[in-house]
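So the protein lines, in turn, are chains B, F and Z.
Numbering of the first sequence is given in numbering that gives the first Met the number 0, commencing with residue 0 and proceeding in unit increments.
Numbering of the second sequence is given in numbering that gives the first Met the number 0, commencing with residue 0 and proceeding in unit increments.
Numbering of the third sequence is given in numbering that gives the first Met the number 0, commencing with residue 0 and proceeding in unit increments.
Hint data in this document are derived by calculation from the structure and do not stem from the laboratory.
Take the hints with a grain of salt, since some may be wrong.
For lysine-lysine, the following PhoX-like pairs were computed, each having C-alpha atoms within a straight-line distance of at most 20 angstroms [claimed, not checked]: (1) B:Lys9 - Z:Lys63; (2) F:Lys87 - Z:Lys246; (3) Z:Lys179 - Z:Lys246; (4) Z:Lys252 - Z:Lys156; (5) F:Lys84 - Z:Lys179; (6) B:Lys89 - B:Lys9; (7) F:Lys13 - F:Lys67; (8) Z:Lys338 - Z:Lys252; (9) Z:Lys338 - F:Lys13; (10) B:Lys89 - Z:Lys246; (11) Z:Lys63 - Z:Lys179; (12) B:Lys89 - B:Lys1; (13) Z:Lys246 - Z:Lys156.
Heads up, incomplete: computed chain B residues facing chain Z, CB under 7 angstroms, no partners named [said to hold, decoys possible]: (14) Asp8; (15) Lys9; (16) Gln10; (17) Glu15; (18) Glu18; (19) Arg21; (20) Val29; (21) Lys32; (22) Leu47; (23) Ile51; (24) Pro53; (25) Ala107; (26) Gly117.
Where a beta carbon is used, it is the ideal one built from N, C-alpha and C, also for glycine.
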Amino acid sequence: MKLVRDVLDKQLIDREECEMGRVSGLIMHVGEKSQPRITYIVIGGETLWMRIHPSLASFAKRLARTWGPKRDGPVRIPWSRVETVGRDIKLDVRGRETGALDWEIWIARHIIEHIPGGGEKGEEEE
Amino acid sequence: MVGDAWLRHTTPDKYTRQTLELSHDTLLQIADDLLKSPPSGIDTASLDSVLTRSRDRVAQMARLVEAKDAPSFSSQLDSLRADEKIVKQFSDSIESRQ
Amino acid sequence: MSKALQIALGIITSIGGFLEIGSVVTAAQAGAAFGYQLLWAILLGVLCLIFLVEMSGRLAAVSKHTIVDAMRERFGFPFFSIVLLVMVLVAFLVLVAELGGIGLSLQILTGIGFPWWAIPVSFIVWALMWRGTFSLIENGASLLGLFTISFAVAAVKLHPDWGSTAHGLLPTFPGDQKAKYGFIAVSILGASISPYLMYFYSSGAIEDEWDESYIPINRVIASFGMSFGGFLSMAVLVAAALALRPKGIDVDKYEQAALLMTTALPRWGFYLFGVAMLFACLGAALEISLAIAYFFAQGLGWNWSENLTPSRDARFSLVYTIIIFLAAIPLVLGVDPIKVTLMGMALTAATLPLAIVPFLFLMNDPIYLGEHRNGWISNSVVTIVILISFVLAVISIPLQIMGS
Numbered sequence: 000m001k002l003v004r005d006v007l008d009k010q011l012i013d014r015e016e017c018e019m020g021r022v023s024g025l026i027m028h029v030g031e032k033s034q035p036r037i038t039y040i041v042i043g044g045e046t047l048w049m050r051i052h053p054s055l056a057s058f059a060k061r062l063a064r065t066w067g068p069k070r071d072g073p074v075r076i077p078w079s080r081v082e083t084v085g086r087d088i089k090l091d092v093r094g095r096e097t098g099a100l101d102w103e104i105w106i107a108r109h110i111i112e113h114i115p116g117g118g119e120k121g122e123e124e125e
Numbered sequence: 000m001v002g003d004a005w006l007r008h009t010t011p012d013k014y015t016r017q018t019l020e021l022s023h024d025t026l027l028q029i030a031d032d033l034l035k036s037p038p039s040g041i042d043t044a045s046l047d048s049v050l051t052r053s054r055d056r057v058a059q060m061a062r063l064v065e066a067k068d069a070p071s072f073s074s075q076l077d078s079l080r081a082d083e084k085i086v087k088q089f090s091d092s093i094e095s096r097q
Numbered sequence: 000m001s002k003a004l005q006i007a008l009g010i011i012t013s014i015g016g017f018l019e020i021g022s023v024v025t026a027a028q029a030g031a032a033f034g035y036q037l038l039w040a041i042l043l044g045v046l047c048l049i050f051l052v053e054m055s056g057r058l059a060a061v062s063k064h065t066i067v068d069a070m071r072e073r074f075g076f077p078f079f080s081i082v083l084l085v086m087v088l089v090a091f092l093v094l095v096a097e098l099g100g101i102g103l104s105l106q107i108l109t110g111i112g113f114p115w116w117a118i119p120v121s122f123i124v125w126a127l128m129w130r131g132t133f134s135l136i137e138n139g140a141s142l143l144g145l146f147t148i149s150f151a152v153a154a155v156k157l158h159p160d161w162g163s164t165a166h167g168l169l170p171t172f173p174g175d176q177k178a179k180y181g182f183i184a185v186s187i188l189g190a191s192i193s194p195y196l197m198y199f200y201s202s203g204a205i206e207d208e209w210d211e212s213y214i215p216i217n218r219v220i221a222s223f224g225m226s227f228g229g230f231l232s233m234a235v236l237v238a239a240a241l242a243l244r245p246k247g248i249d250v251d252k253y254e255q256a257a258l259l260m261t262t263a264l265p266r267w268g269f270y271l272f273g274v275a276m277l278f279a280c281l282g283a284a285l286e287i288s289l290a291i292a293y294f295f296a297q298g299l300g301w302n303w304s305e306n307l308t309p310s311r312d313a314r315f316s317l318v319y320t321i322i323i324f325l326a327a328i329p330l331v332l333g334v335d336p337i338k339v340t341l342m343g344m345a346l347t348a349a350t351l352p353l354a355i356v357p358f359l360f361l362m363n364d365p366i367y368l369g370e371h372r373n374g375w376i377s378n379s380v381v382t383i384v385i386l387i388s389f390v391l392a393v394i395s396i397p398l399q400i401m402g403s
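This is chain B alone, in the form it adopts within the complex (with noise of 0.2 angstroms):
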């Protein structure tokens, strides 16, 4: 697997068939006599914006946490949990209960249903 080409920034899909963002970075486990290996997807705001620059990583983290969901650090999923990767990474998780969909639920709850025709308070966790 070349995992630039087929893991990085992929699609992530949850078992709920829900769309749980993309693959912002990745964690290996490097032993000093095994092969490296990933224990972890990245998904989420700092990592990916170090990507770009360490200073939008700063910036995303302090909004982090002022802001919204306050979150500590981006969610990491371990790999042990990805089921297939093709067109899309499936995952063998409920996305709302790894934190990947914090920031969708909380703008569905803070903003989205209380304007009327948003959807019905908790749609967003059906």
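Based on the hints, put chains F and Z in the right spot on chain B.
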């Protein structure tokens, strides 16, 4: 052209009046620009006089649309066409010098 | 729905959705200033667009990726973020122009100035996005856009000299006003080859769940739909050449463009112009708003679909909400939509290489297209487009200054 269109009843009064008012403002802008940097070898005073007269006619035409006075409007339109020919002569003269 | 019906609907919506403020204003300016001389620019723009739209549909049908999807995956986030920034900025300008076009149409029909219409118009565009489905937006707005066929009727009724018209399809150089000629040519190409149209089309193919069996349909829709749409653009130019040029009218104000219908259609021409432009710009505003939201959602991996209730694709819905109301602000402040239109068209032309170069790579990538990769004809046309757009990019900005 909007004058002809109004006389033929192909454009509504409000639109015609607003377009004429817009033309008036455009003529004012053109006159200001010409005064700031007048083309050489041209009788600027005469050109300015024609533009001012045209501008006044256009403003009058806008008022005549409001009053729905087609005959007076038509007369002003004919005079405006005559002014237009004079302005065209100035324009051709400027172009031939460039 | 049977395939034949889908083809018919696809062609009709392409025709109805083709004209918008950019294509009408640039074609009207071209006709009023240079007669038939710039018909070649519309022909070239439409030809390029046919290939690009066909490719957009093919990419979606075969790879099940939209252009934005594939671009993010293939080129990575850093490059994608540059494309995102530039494309969204330019599309935003065009959105301001389209909302302004709706406002100007209402202004000439009611006499109430367009700044007053900015907020109500934005609200209506937003409400249609909020409550509507993709089908309603794509088909409904485009069907209403069929009022623009009245431009073709007007052009034919003015009895053009078909020989001179045909001559205009070949590029010629003007005797004088070269800067203005060049600038209008650039603007026509920018108005015809709109990247947002490609992004919208590929997203629509995914929304409609196209697969490889849709490839022939896609080819027919792209060819005939864009061709007929292009004829409408040419009709505007011809009508302006016959109605406005003899009177020495230079279309630098929207009000003047309205007069291109009154000579040919004395009774209804004025109102047809207003109504046709209103619906044409409405359709375009909806498409661009969706295209911008698609760009963010697909590029960043969010849930997206116009067929979901907003709370189910909250970030996607929030993006188009913010964009639409931000676009109203310049109009409320009285910024001239025509000036924004011309700037938007020139900037579109200037930034085409950024949109098309990555697209060309994608269309030749076997991972995405398999055996349906581009042939030499498609590659040649796209390469020529890239070359033309690069030249346009170099000359369009100084021409913008000289021409305006």
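Structure-based check of all given hints:
1. B:Lys9 - Z:Lys63: Holds - the C-alpha atoms of Z:Lys63 and B:Lys9 are around 13 angstroms apart, at most 20 angstroms.
2. F:Lys87 - Z:Lys246: Given pair F:Lys87, Z:Lys246 holds - Cα atoms ~12 angstroms apart, limit 20 angstroms.
3. Z:Lys179 - Z:Lys246: Roughly 19 angstroms between the alpha carbons, so the hint for Z:Lys179 and Z:Lys246 holds.
4. Z:Lys252 - Z:Lys156: Answer violated: Z:Lys252 to Z:Lys156 is near 24 angstroms, above 20 angstroms.
5. F:Lys84 - Z:Lys179: With a Cα-Cα distance of about 24 angstroms, the restraint between F:Lys84 and Z:Lys179 is violated, given a limit of 20 angstroms.
6. B:Lys89 - B:Lys9: Status holds; Cα separation ~10 angstroms.
7. F:Lys13 - F:Lys67: This hinted pair holds, its Cα atoms lying about 11 angstroms apart.
8. Z:Lys338 - Z:Lys252: holds (9 angstroms)
9. Z:Lys338 - F:Lys13: violated (24 angstroms)
10. B:Lys89 - Z:Lys246: Measuring from Cα to Cα gives roughly 65 angstroms; hence the hint is violated.
11. Z:Lys63 - Z:Lys179: Roughly 43 angstroms separates the two Cα atoms, so the pair is violated.
12. B:Lys89 - B:Lys1: Roughly 17 angstroms separates the two Cα atoms, so the pair holds.
13. Z:Lys246 - Z:Lys156: Within the cut-off at roughly 18 angstroms; holds.
14. Asp8: holds (5 angstroms)
15. Lys9: holds (6 angstroms)
16. Gln10: Hint on B:Gln10: holds, closest Cβ of chain Z at ~5 angstroms, below 7 angstroms.
17. Glu15: violated (11 angstroms)
18. Glu18: It holds, given that the least Cβ distance between B:Glu18 and chain Z is near 5 angstroms, below 7 angstroms.
19. Arg21: holds (4 angstroms)
20. Val29: This interface hint is violated because 22 angstroms lies over the 7 angstroms limit.
21. Lys32: violated (32 angstroms)
22. Leu47: holds (6 angstroms)
23. Ile51: holds (5 angstroms)
24. Pro53: violated (13 angstroms)
25. Ala107: With Cβ-Cβ at 4 angstroms, under 7 angstroms, it holds.
26. Gly117: holds (5 angstroms)
In terms of the numbered hints stated before, the structure departs from hints 4, 5, 9, 10, 11, 17, 20, 21 and 24, listed from lowest to highest.
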